[in-house]
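Participant: Each chain is listed here by its residues.
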Amino acid sequence: MNVMLYSMEIAMVLSGLGILMLDLGTPARGKRDLGYLAAFLMSLLLLQSVFMPEVQDGFSLLSSGHSITEGPGYKLDAFARYFKHLFLLAAILVLLMAVDFAGTLRARLAEFFALVLFALTGMSAAASATNFITLFVSIELITVSFYVLTSFQRGQMRSLEAGVKYLILGAAASAVLVYGIALVYGATGSMEFAALGKACPSAEHDHLLRLGLLLVIAGLGFKIAAFPFQIWVPDVYQGAPAPVTAFLAVGSKAAGFALLMRLCHHLRPDLRELTLTVLAALAGATILYGSLCALRQRNLKRLFGYAGIASAGYLLLGLLALNAQPGASPSGAQGCHAMMFYLAGYLIAVMAAFTVLCHLDGEDEDLSVLAGLHARSPLLATVLTLSVVSMAGLPPLMGFLGKFLLLQSAFEVLSPHPAQLWLMVVALGGVVISLYYYFGILRAIYWGGGISPGRPAGESEAITVPPLARLLLIACGLILLWVGIFPQALLEWLGDAVALFR
Amino acid sequence: MGDVFPQLAAISPDDAHGARYLLLAVMGVVAVGFAVAPLLLSALVAPRKPSEIKQSPFECGLESKGDAWVQFRVQYYLYALAFVIFDVEVVFIYPWAAAFTNLSTGALVAMGVFVLLLAEGLAYLWIKGVLSWK
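Quick mapping for you: the protein sequence lines, in order, are chains E and X.
For the first sequence, my numbering assigns the number 519 to the last residue and increments by one with no breaks.
For the second sequence, my numbering assigns the number 150 to the last residue and increments by one with no breaks.
Bound-form chain E, shown alone (with noise of 0.2 Å):
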């Protein structure tokens, strides 16, 4: 066994039960700091993996004869490393934002830290995983401790209502994919992804095997929020506190993508003539609905949770550029160039936004709140600027390059196909939608002084950020513009990323 090869997650499950234990010793007031000490782990994680020589092989920890997989199911490769990387990211920019929003979910602090971090953990063997199994217990680690953290604020019937539904609509996906993954597993006799390379011994074989695919892509589409596995997103965003739909928005969504970019490498030229139609039909599906129902959405969270839905149809059009022939063109590689720029822009925005959010006063997150913001707090309206334009795709920020290469990549696979050009056509119409949408949040937050109902006329006093959450802020603001305007450090680093993809 190479414990280098695990090395990351050791170090996040031991501090997520250093938190728990240190929970028993520090008093009330000082519960705060453990998530101080959390991001200060994590950050110390990212700066040494950032560092870290790479650890390609290993062995499994059963190694023995008798298992099922051959190998360790388990890779640190390029692709490992840069998706670990943004999760490190997302879970600090998280556990900071609790710190501050932790007068809100008063008690536990120590158990949502924990919990944060095991998320982590998993999302983080996601991107490694290489055989189903790993996928399977990796997504499910991520999911158990989403339904925990989701229905945090048990006193709430809302957060509850999130937490029951993510649980139930979670546990019918789990099945899904599992006995997906039994199906795969009964046609080709291997769990790793890379028998999805070779043919089946017969034609039976081969039914059960592309019915086992198309249940492991609908049981991660629910991870990814995929029409028509959508339909628990609004009110598990809105239910949720506001870090945690941070972390399902950007963390969870990536996992699962990491996750499909693996699965879909490895797969047969006909079985990628199959994914190629339904993911087109699933992209082109999810960017219309998520665009028209964010259309009339005047909760914030809501509509954060629609346009996440929008965006994963993007990524998958990056997706079934990764599903092109192999040898037709280089944009296999291309798409997951482009999904990989597009989620760290993703992540960025999403977290400079949910910060914002964090940072506002009132119970709900009606468009109102926003009222007058660019008086209250000049700063958080600068940046919600920022992200909601980065997330619209315009430039100079990142969020545009990142839409422009997944718009591109998949017209340089389906120009081939004209019949599939109606593809386009929804994805362009889904940004121009989109552009509707999200400059009704700036409309808020310039123009939407004095008519907010049911608050008092005079509520114009500035909001206090704190200086580390001021930091950050600042920091996502002028991440999206530096590398909105100049791409290419981070393009070339993505090189290393996308090899395995050539």
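Hints are supplied without guarantee of correctness; some may be wrong.
[Unchecked claim] A partial selection of chain X residues facing chain E, derived with a Cβ cut-off under 7 Å:
(1) E136
(2) Y140
(3) I143
The hints are simulated quantities; they were obtained by calculation from the structure and are not laboratory data.
Note that CB positions come from ideal geometry on N, CA and C, so glycine has one too.
We have chain E; now place chain X onto it with these hints.
Facilitator: Just chain X now, kept in the frame of chain E:
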């Protein structure tokens, strides 16, 4: 694959498994019919003479009193949770113990980590005061 799931390996086009599945479908239809038929029959045949007392819900032959939406203290749910965790632990430990002599050192380490994690959970519960009945 054949050595793990011999049934799956046996699937082939000329096998008669289609007929076996047909039998299963027939069984399903009969089972559903068996449950639905008496309901339909009673709905069609039974005379309907509703009265106040017949319409009211009852439990074990007693008239119900008060509201069902009352709060009661489920103090034992934490015990139940802890119990389930250790119950599941047995499921993992038993096959491990049965195959113990053939397993590698890695398996010992893995199980040690697993048991330690559970012990940590127990210690956490204990110190938090969950196990003391108030």
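Participant: Does each hint fit the structure? Answer for all of them.
Facilitator: We went through each hint and held it up to the structure:
The restraint placing E136 (chain X) at the interface with chain E holds, with a minimum CB-CB distance near 6 Å, inside the 7 Å limit. At a threshold of 7 Å, the smallest CB-CB gap from Y140 (chain X) to chain E is about 6 Å, leaving the interface hint in force. Proximity of I143 (chain X) to chain E holds as hinted, the smallest CB-CB distance being about 5 Å (cut-off 7 Å).
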